[in-house]
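Protein chains in written order, with this note's numbering: chain W, 1 to 390; chain A, 1 to 390; chain E, 1 to 390; chain V, 1 to 390.
The hints are simulated quantities; they were obtained by calculation from the structure and are not laboratory data.
Careful, some of the hints might be misleading.
Copies of one chain are not kept apart here, so a pair can be met inside one copy or by any two copies together.
Below, in silico cross-link-like pairs of lysine to aspartate or glutamate (DMTMM-like), each with a Cα-Cα straight-line distance of 25 Å or less [as the list claims (entries may be wrong)]:
(1) LYS339 / ASP292
(2) LYS99 / ASP241
(3) LYS51 / ASP83
(4) LYS51 / ASP114
(5) LYS388 / GLU325
(6) LYS339 / ASP350
Number of protein chains: 4
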Amino acid sequence: MSNSGPGRHFLQIPGPTNLPERVKRALSRPTIDHRGPDWARLTLRILEQLKQVFQTSGPVIVYPSSGSGAWEAAMVNTLSAGDRVLFGSNGQFSSNWQKVAAGVGLTVEELQGDWRCPIDMAALENRLAEDRGREIRALALVHNETSTGVVNDVAGARAALDRTGHDALLMVDVVSSLGAMAYKHEEWGVDVTIAGSQKGLMTPPGLGFNAPSPKALAASSSAGMPRSYWNWEPVMAFNRDGFYPYTPATNLLYGLDVALSLLLEEGLPQVFARHARLAEATRRAVRGWGLDVFCRDAKAYSSALTAVTMPAGYNPDVLRQVILERFDMSLGTGLGQVKGKVFRIGHLGDMNDLMLAGTLCGVEMGLAACDVPHVSGGVSEALAFLAKDP
Amino acid sequence: MSNSGPGRHFLQIPGPTNLPERVKRALSRPTIDHRGPDWARLTLRILEQLKQVFQTSGPVIVYPSSGSGAWEAAMVNTLSAGDRVLFGSNGQFSSNWQKVAAGVGLTVEELQGDWRCPIDMAALENRLAEDRGREIRALALVHNETSTGVVNDVAGARAALDRTGHDALLMVDVVSSLGAMAYKHEEWGVDVTIAGSQKGLMTPPGLGFNAPSPKALAASSSAGMPRSYWNWEPVMAFNRDGFYPYTPATNLLYGLDVALSLLLEEGLPQVFARHARLAEATRRAVRGWGLDVFCRDAKAYSSALTAVTMPAGYNPDVLRQVILERFDMSLGTGLGQVKGKVFRIGHLGDMNDLMLAGTLCGVEMGLAACDVPHVSGGVSEALAFLAKDP
Amino acid sequence: MSNSGPGRHFLQIPGPTNLPERVKRALSRPTIDHRGPDWARLTLRILEQLKQVFQTSGPVIVYPSSGSGAWEAAMVNTLSAGDRVLFGSNGQFSSNWQKVAAGVGLTVEELQGDWRCPIDMAALENRLAEDRGREIRALALVHNETSTGVVNDVAGARAALDRTGHDALLMVDVVSSLGAMAYKHEEWGVDVTIAGSQKGLMTPPGLGFNAPSPKALAASSSAGMPRSYWNWEPVMAFNRDGFYPYTPATNLLYGLDVALSLLLEEGLPQVFARHARLAEATRRAVRGWGLDVFCRDAKAYSSALTAVTMPAGYNPDVLRQVILERFDMSLGTGLGQVKGKVFRIGHLGDMNDLMLAGTLCGVEMGLAACDVPHVSGGVSEALAFLAKDP
Amino acid sequence: MSNSGPGRHFLQIPGPTNLPERVKRALSRPTIDHRGPDWARLTLRILEQLKQVFQTSGPVIVYPSSGSGAWEAAMVNTLSAGDRVLFGSNGQFSSNWQKVAAGVGLTVEELQGDWRCPIDMAALENRLAEDRGREIRALALVHNETSTGVVNDVAGARAALDRTGHDALLMVDVVSSLGAMAYKHEEWGVDVTIAGSQKGLMTPPGLGFNAPSPKALAASSSAGMPRSYWNWEPVMAFNRDGFYPYTPATNLLYGLDVALSLLLEEGLPQVFARHARLAEATRRAVRGWGLDVFCRDAKAYSSALTAVTMPAGYNPDVLRQVILERFDMSLGTGLGQVKGKVFRIGHLGDMNDLMLAGTLCGVEMGLAACDVPHVSGGVSEALAFLAKDP
């Protein structure tokens, strides 16, 4: 089913990511009564673990949905039709999110950024300062741009809001950073954090998350759009006893429960250090090949994925196709304005050194097989880095 | 996790239902690239199988959502804010659906029905006929009321619309009938069929479905509410090539693929006959105990579940609790206006004679253990029926 | 694969038995290095748990083998070619074991017993007393005869040996009693206990066990037959550090580890009480049908299975075939001298009340479907018993 | 359980090997009645597939046992106590097999060979020619020495027997070659082929195999030792209808069934070519590091594993330990006379290019981390080879 050849498929897109064996087994547990006592215990444990992973003392709301559903949820709970949302716009997922916002009737404003760089905090602060009428009701930022491997400065955005005394809600997408890179919902003053299950959380796709701040909760009770499925309030009310207002996605939640345990057993600081190390090894390989890491700002490098700029005149999707057929590895394509210009290596989730090494070998062999101009030996650079004491 | 005692838990709520072994194993497959060729093949096969199960030649849209999400999807795609929807109202799931409709800004009108009977088709026709201004934009009916075990007459509703020349969209919830009882989306002239994965489809909860008619599709392109996640159009567009506009719930779809194959391998007529037989055996047991089947109309008996009226003065939830603790079986509680008055026996999905027999034995022992007035031997009635040639 | 129909197959043969869900999942873990540290930890934990289940402070040796292999192992380690072994002979598994003994070159002597009764301890003691030359080197007894549901008196056999001052080794087959009925290797003075994984131990077939006493170990170092695979010594030597002298059956051992944990978590006394209760319910059903429990001696009733005498002129295998085809349940056939005369109901392992209830319903319906003379309502007798407080 | 760190453990010992995902799932199927019709169908299909994999038109006998059990089985079925067996002796598994032979009472004669080379066929022919009294009753050869990665010439041994007109039985151990390298039981005139499940057959350990020739079958009916468990005859008799004379290892056989299908779907020639390619890449890496492949004879290179000679003064087991702890990979230790001198890289079974690449990267990093003198860049040599068109 999943791939036709012998051996393990290398799933090195930046999500969905490889499932840990324990998560896979948990998915196959029998479904149980979602209104019984065993279920309540499981739910309460999951919600408690989620708080630790989101770094919040407040609630985390879980939806049976994709991450894009969680974007919609964040907005329809807190904003009203026509409200202006300022998007830090430096990647495809920011663009996608803007479409969702427009789709539900919000006014979208883009703070254009260079896709190869994080959103400029000075420019952001200027725009907020200009907004004397406080028309901007929310500021939306993607923490880790899955399309580019560029990390935006969430704490900086909070500071910009604070310095300008702007009351816009700060909404942050951590779909591809949560569980891979340090993220602090509460400390960084985020009002709604939006996540999905299928990347750093090492669970299959199908669960979306919202973590609201007290300010966001207050907004949701006084404002918001007509809503039912996404409505935070009944979910939080039922969650208090360990239940949901609808039938929850039992088996995905079995998987999530195990995946959260794995993260917390390893320890979040260690999880983040592991990802940072794998990412650095990847960048060393890329430079060793004489290729460019798409992200230009070393402070903004992603620990979750690395987008690689393809030499001019060479099609990254031909490379990806050859690598899939010859080496049974899936890499990420270029999206939006970088389609045909980059490919992406996912290195997040249930990953270790040798999985990454195999991945980088697959890229190096693909470059050779496709006659893409490069220096062979990028893998050696990565190995030299990884072989040093961790 | 799923239950503390030895042996298999009897999950006899009317959904989520017992997962077939093959489905459980499919859930544990590795996640793959949702944009790769293997994924496209899987998606196209699932969509083709869904058409057969829904009995439609048109599209079936799959959401990562609960069934309640699919209710919302049906409405926001086809109706506009303030539009009037007439609900056949004879059970809790109709009530729940009405809340969803109100939540997204529609005007809800109830055609009140007796919860123990199907919606009266003459009364429905009268109401439609009265509606000369065609204010009713949609008629919403639950095919099989999961709270009562009463089946509404979908073909009759179509006929009522046709006879009155009413152009309201016919929306039908088949969450607990699809895969358990005959349902014909196209032949019965339904405009939007709404379903979920976790009952007759024998897949864990987490997938919602909409099957739109050409008329519903036309409505969705000219009307509808601000929408993004639920928007049919991009899903259908991506589905043409076997993809989704967001990351699909890969592992649940693995399970669905297998479950649909199981249904089609058994053959839908045989699947429905099996359910009808199990339901008849259950009713014979209930009557054998001297208790009442909650549904008063023999033509409206559900094949998916049987709600049983508790003798006055006895609490069905005490009975359920004892049965859970002593016999490790989950039964359905009474919902809404029948809370404290009925309990529900689910007999749909991956069920056979001996699973039902064990279930009925658990009920009979529970009645005895709780000193609920009853005639012992209801099980014998069921066995006598099942032992005859099928 | 496992059965063609919908729903769960009822596997009610007296072994292999139904696997607990947790055991099934454990089987699917990745295989690991059988010479690495994780493996050693697992092995030592399993061996420790086995001691508790066998009720021994000595070693338990695990073979990749069937139970019949473990019979052979017990004998080739302790006896020499031509040695005389006295078999308590009251069932098919005793006969099978005798064939194994003869096959490896031992002299077999049968103490014939009535298959419907346990071996007569007085007759046994007489035979031992007569054996003044101490030609009998071993006394072999099946604790729970899987072919008949008759339990032999192991402590009685020990007493007979002691009273006659006979030094024969006492060898006991607990293949179908271990984990289902009280068994005390050490307290009862057994010299070699022989078991298999697939019955009360709730693990797939493929593992055989020997638990030797100090006396048996002494015999094995001074006597025994040419042996390699079955040789206890290297296994015990490697086991000290958590390893095996050959590649162990890693995945079956994963399952065994979980199954042993389940037994010990439930508590052995509770496990045995549960089995006794299910067995009593079964016998009440049998008598309720007006049929005979094959075992004539109430003190010798098996908690693991019940053999039922078929009314004269009726073929139990026709009944079993109908029950398999119509009700998807496997029952045990009559073996050896009771072929065509009995069928067997297994009620051991991962079993609970409702699984048994479904099982008994299947038998009652089968009797009806095959027009076997019986009183309907045996199930009701079982339910009346089970419904009382446990 | 299987490893403490995140990501997939690299199991690169020469068996047990990595289980394919489909095999892992098959292991978790419910156990069924080993005397029922579904079981018979499964058994007959497995036996048919085994014939193809062993390249025989005769029977293949499956034991619940380790591979060492299958050695014993081959001998006790065909030889008599004291019979002389000539062993081609050039590795640890030949030595182990000799111990088994001695343990069961055979006379062992070693044809000593250099462990770094295949058994010399001229020397073998000389010894056979000298044996005018035909005292040698069997010639035993390990096809692929798992301890050294040296392949012995089975067809050459047959030719030596034929040229000398010697009637000794030819017994060949293919435990680590079957399913990885071309092997032709019938065409090469082998009398008993001995195998195990856990290497090229990609199934967990716990199943042993014997494939006898007509001559071996004839020997087994006229000679052989006292035997029961290993006795071919009853197994073959029961197998005719799809059954076994004991309870077979149901769940391992589920796995084997799937694994055989995977091999035959891929096609044996392609399977062997894949292994040969991975082996060649491994040797190029070894030479790239400036290390020696232990096998000196290029015609005798194993496709299943590569033993690497450690530079003098360096302990391969320290290297292995560091690689396990730092890179979560298991490699094979040196056995017997090469303990402390070599380590072994397994590259057989469910393997592909990137799994091998990750493996080789782990070795290269381990060499660096342990300061073992080597040239970095061996991985690059392997990649250059693999990147060329396959």
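Going down the list of hints, with the structure as the test:
| no. | hint | in the structure |
| --- | --- | --- |
| 1 | LYS339 / ASP292 | within (16 Å within a copy, 46 Å between copies) |
| 2 | LYS99 / ASP241 | between (36 Å within a copy, 22 Å between copies) |
| 3 | LYS51 / ASP83 | neither (29 Å within a copy, 40 Å between copies) |
| 4 | LYS51 / ASP114 | neither (33 Å within a copy, 45 Å between copies) |
| 5 | LYS388 / GLU325 | between (33 Å within a copy, 14 Å between copies) |
| 6 | LYS339 / ASP350 | neither (27 Å within a copy, 35 Å between copies) |
Of the numbered hints given earlier, the model fails hints 3, 4 and 6; all others are met.
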